[in-house]
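> With the hints as extra help, turn the sequences into a complete structure.
Protein chains: 2
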Amino acid sequence: MESSSTFPFVTSPPLPADWEQLYQNRSILVTGGLGFIGSNLSLRLVELGARVTIVDSLIPDYGGNPWNVEKIKDRININIADVRDPHSIARLVQGQDIIFNLAGQVSHIDSMRDPFTDLEINCRSQLSILEACRNNNSNVKIIYAGTRQQYGKPQYLPVDEKHLVLPTDVNGINKTAGETYHILYNNVHGIRATSLRMTNTYGPRLLLKHNRQGFISVFLRTAIEKGEIKIFGTGEQLRDLNYVDDATDAFLRVGVAEWTNGEVYNLGGDEILSVAAIAQKIIKTAGAGRLSIVPFPEETRRIDIGSYYGSYQKLREAVGWRPLIDADEGFQRTVDYYRENISHYVED
Amino acid sequence: MESSSTFPFVTSPPLPADWEQLYQNRSILVTGGLGFIGSNLSLRLVELGARVTIVDSLIPDYGGNPWNVEKIKDRININIADVRDPHSIARLVQGQDIIFNLAGQVSHIDSMRDPFTDLEINCRSQLSILEACRNNNSNVKIIYAGTRQQYGKPQYLPVDEKHLVLPTDVNGINKTAGETYHILYNNVHGIRATSLRMTNTYGPRLLLKHNRQGFISVFLRTAIEKGEIKIFGTGEQLRDLNYVDDATDAFLRVGVAEWTNGEVYNLGGDEILSVAAIAQKIIKTAGAGRLSIVPFPEETRRIDIGSYYGSYQKLREAVGWRPLIDADEGFQRTVDYYRENISHYVED
Chain A
1 MESSSTFPFV TSPPLPADWE QLYQNRSILV TGGLGFIGSN LSLRLVELGA
51 RVTIVDSLIP DYGGNPWNVE KIKDRININI ADVRDPHSIA RLVQGQDIIF
101 NLAGQVSHID SMRDPFTDLE INCRSQLSIL EACRNNNSNV KIIYAGTRQQ
151 YGKPQYLPVD EKHLVLPTDV NGINKTAGET YHILYNNVHG IRATSLRMTN
201 TYGPRLLLKH NRQGFISVFL RTAIEKGEIK IFGTGEQLRD LNYVDDATDA
251 FLRVGVAEWT NGEVYNLGGD EILSVAAIAQ KIIKTAGAGR LSIVPFPEET
301 RRIDIGSYYG SYQKLREAVG WRPLIDADEG FQRTVDYYRE NISHYVED
Chain B
1 MESSSTFPFV TSPPLPADWE QLYQNRSILV TGGLGFIGSN LSLRLVELGA
51 RVTIVDSLIP DYGGNPWNVE KIKDRININI ADVRDPHSIA RLVQGQDIIF
101 NLAGQVSHID SMRDPFTDLE INCRSQLSIL EACRNNNSNV KIIYAGTRQQ
151 YGKPQYLPVD EKHLVLPTDV NGINKTAGET YHILYNNVHG IRATSLRMTN
201 TYGPRLLLKH NRQGFISVFL RTAIEKGEIK IFGTGEQLRD LNYVDDATDA
251 FLRVGVAEWT NGEVYNLGGD EILSVAAIAQ KIIKTAGAGR LSIVPFPEET
301 RRIDIGSYYG SYQKLREAVG WRPLIDADEG FQRTVDYYRE NISHYVED
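As given, the protein sequences belong to chains A and B, one line each in that order.
Be aware that the first sequence starts at 1, since it is given in this note's numbering, and climbs by one per residue.
Be aware that the second sequence starts at 1, since it is given in this note's numbering, and climbs by one per residue.
What the hints contain is simulated information worked out from the structure, not anything from laboratory work.
A hint or two may mislead.
Taking lysine-lysine pairs in the DSS-like style, the calculated list, with each CA pair at most 25 Å apart, reads [to be verified]:
#, chain 1, residue 1, chain 2, residue 2
1, B, K281, A, K314
2, B, K73, B, K209
3, B, K209, A, K162
4, B, K153, A, K314
5, B, K230, B, K281
6, B, K71, B, K209
7, B, K314, B, K153
8, B, K162, A, K153
9, B, K314, A, K153
Cβ-Cβ distance ranges computed for the label pairs, FRET-style [stated by the list, open to error]:
#, chain 1, residue 1, chain 2, residue 2, range
10, A, L58, B, Q24, 53 to 63 Å
11, B, R91, A, F296, 31 to 41 Å
12, A, H344, B, D160, 29 to 39 Å
Glycine included, every Cβ here is placed at the ideal spot set by N, Cα and C.
And the structure:
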């Protein structure tokens with residue numbers, strides 16, 4: 001049993017200019033690695049020369065898609081397993097330097113319809129992963145994928161990390177428990193852990209095949225298919241966005257920085273856009289689609305949080321992160337990707 | 001299936017002088033009703049003329065003790081069942097006007113040793129209870145037993161409800177998820193719910209038979225048995241206390257008050273005492289026992305929160321609650337109770 005990582009974590013700020021080189025030849029586990037963010041992160045890690053193992057359950061509807069890693073499939077180890085299974089997780093964490101822990105049920109609507117499955121995946125399996133590390137690889141570092149949904153309806157804007165956590169759906173509650181387990185294991189058991197609370201993230205490899213994983217996914221597919229984008233309410237709710245390469249850059253930065261252990265950071269975007277403006281950008285980029293405003297479906301209205309945008313100042317100060325790809329560029333790259341690969345994202 | 005409560009909830013503040021009479025002939029379910037607080041609450045409810053059903057799993061070591069309700073056993077319905085069992089819970093919630101939801105795993109140390117059991121009881125079973133109400137009795141009101149442990153290590157004192165929730169143990173994380181489910185079901189599904197975050201509560205019927213349910217329990221038993229009370233650290237950490245009758249009074253008050261729905265309230269005490277001072281009071285009251293200061297055991301030190309006391313101003317303003325029994329009186333009543341009943345609390 002290999003329990004001591006020799007990963008050369010950077011022990012004091014700032015990150016050196018060549019910090020990305022630290023990933024070369026290192027063993028990295030990406031849970032949920034066939035999903036949207038996990039696959040983009042794995043692509044970057046392979047470019048950096050890391051030895052990547054992906055664990056993914058490929059549960060239908062959850063975002064895992066083997067096509068996401070088509071370009072690197074011969075250079076990574078793909079292990080199909082459910083993070084709820086403590087036996088496979090106990091084996092998989094061994095020998096890893098860093099775990100990017102992205103496996104999760106991410107649909108807010110699904111969490112309200114089936115709260116127990118969300119609990120199993122977003123609470124219980126996180127404990128399984130952390131217990132596996134405690135017992136089998138206590139020198140590892142884990143970076144957890146949190147979400148702005150944990151804050152619930154903002155009490156002030158921009159939301160910083162001092163904002164109360166008052167989730168408006170079961171998914172937000174369980175993601176919060178999962179995050180807090182990580183911070184607890186960092187503080188009590190010495191398992192290095194950092195959480196990044198992501199905002200609306202978009203880009204190539206986002207799940208498009210159903211409409212329960214966020215409005216950008218729905219808007220993109222509708223525009224590409226020349227349909228009508230239906231906006232709930234007034235379309236005036238504000239959001240910030242991150243292009244996926246910016247999000248994965250944040251994960252890679254905190255992964256090597258010792259002073260981020262035990263901390264929680266917001267991601268966030270510089271452009272604050274209304275939902276209607278985001279739809280219009282997507283329509284313009286795709287050169288297709290049209291817009292209509294419709295009343296909120298009851299099921300969605302009840303967990304809606306109004307306007308949200310976050311402050312990423314704490315993360316910027318910690319590791320020098322800021323988003324580099326603006327919405328025009330990001331949506332162009334996204335539309336270009338789906339033009340070429342659409343068949344792998346709309347069929348079952 | 002009986003789904004509509006006719007309970008005459010008070011719709012606007014303040015509570016009328018005779019609010020306790022509202023419980024007469026009403027159907028009340030107390031989960032964890034054979035435990036410390038649940039049994040004291042049930043005793044009061046029987047005095048008020050309520051029809052009380054207790055559900056308790058009697059899991060060894062968890063605080064349930066049939067002797068706690070010896071005096072009222074012929075006037076209540078005792079149903080042995082585990083709140084993790086969705087089938088019995090679905091049946092038991094039917095026809096109830098109010099549910100006092102006190103079932104839980106309460107040991108912080110046990111939650112660190114066996115986080116999965118704590119998760120099952122404090123997260124999963126809470127979802128079971130709420131789903132049972134949503135499907136079978138959506139007019140019920142639920143009062144949830146939260147804990148000051150949810151706040152973790154205080155960032156300021158006294159701690160009010162605006163303080164960040166940053167638990168330092170698995171129990172605190174799971175109790176927080178359980179609480180937030182209640183608030184969510186109130187806001188989204190219209191199941192009336194209020195949470196009371198209790199502080200150190202003591203009094204007759206506190207579990208004494210093992211040392212993992214709080215320091216007051218340990219101090220009481222040690223003094224009664226003429227032993228040496230070991231205080232960890234310096235004994236200077238501050239705490240506030242509630243005598244159990246004051247705590248149950250808070251539950252009864254919010255139970256009838258419509259304007260508390262969806263809200264979270266701290267309980268708290270007027271006397272802020274050091275742990276050493278509490279030990280000395282207990283020794284003086286018992287007329288037995290002695291004090292020693294010892295280093296923190298590692299397992300306890302890692303989840304210790306330092307000094308804590310809370311503000312109960314919000315609850316006072318909402319329902320006129322304040323604690324009435326001071327520590328001298330409370331410990332006297334407690335010691336008197338155990339002098340008469342000790343055999344039922346120290347044997348298995």
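> Hint by hint, note whether the structure agrees.
Hint-by-hint comparison with the structure:
no.: 1; hint: B:K281 / A:K314; result: violated (46 Å)
no.: 2; hint: B:K73 / B:K209; result: holds (22 Å)
no.: 3; hint: B:K209 / A:K162; result: violated (41 Å)
no.: 4; hint: B:K153 / A:K314; result: holds (21 Å)
no.: 5; hint: B:K230 / B:K281; result: holds (14 Å)
no.: 6; hint: B:K71 / B:K209; result: holds (21 Å)
no.: 7; hint: B:K314 / B:K153; result: holds (21 Å)
no.: 8; hint: B:K162 / A:K153; result: holds (15 Å)
no.: 9; hint: B:K314 / A:K153; result: holds (21 Å)
no.: 10; hint: A:L58 / B:Q24: 53 to 63 Å; result: holds (58 Å)
no.: 11; hint: B:R91 / A:F296: 31 to 41 Å; result: holds (36 Å)
no.: 12; hint: A:H344 / B:D160: 29 to 39 Å; result: violated (52 Å)
Going through the hint list in order, the structure does not satisfy hints 1, 3, 12.
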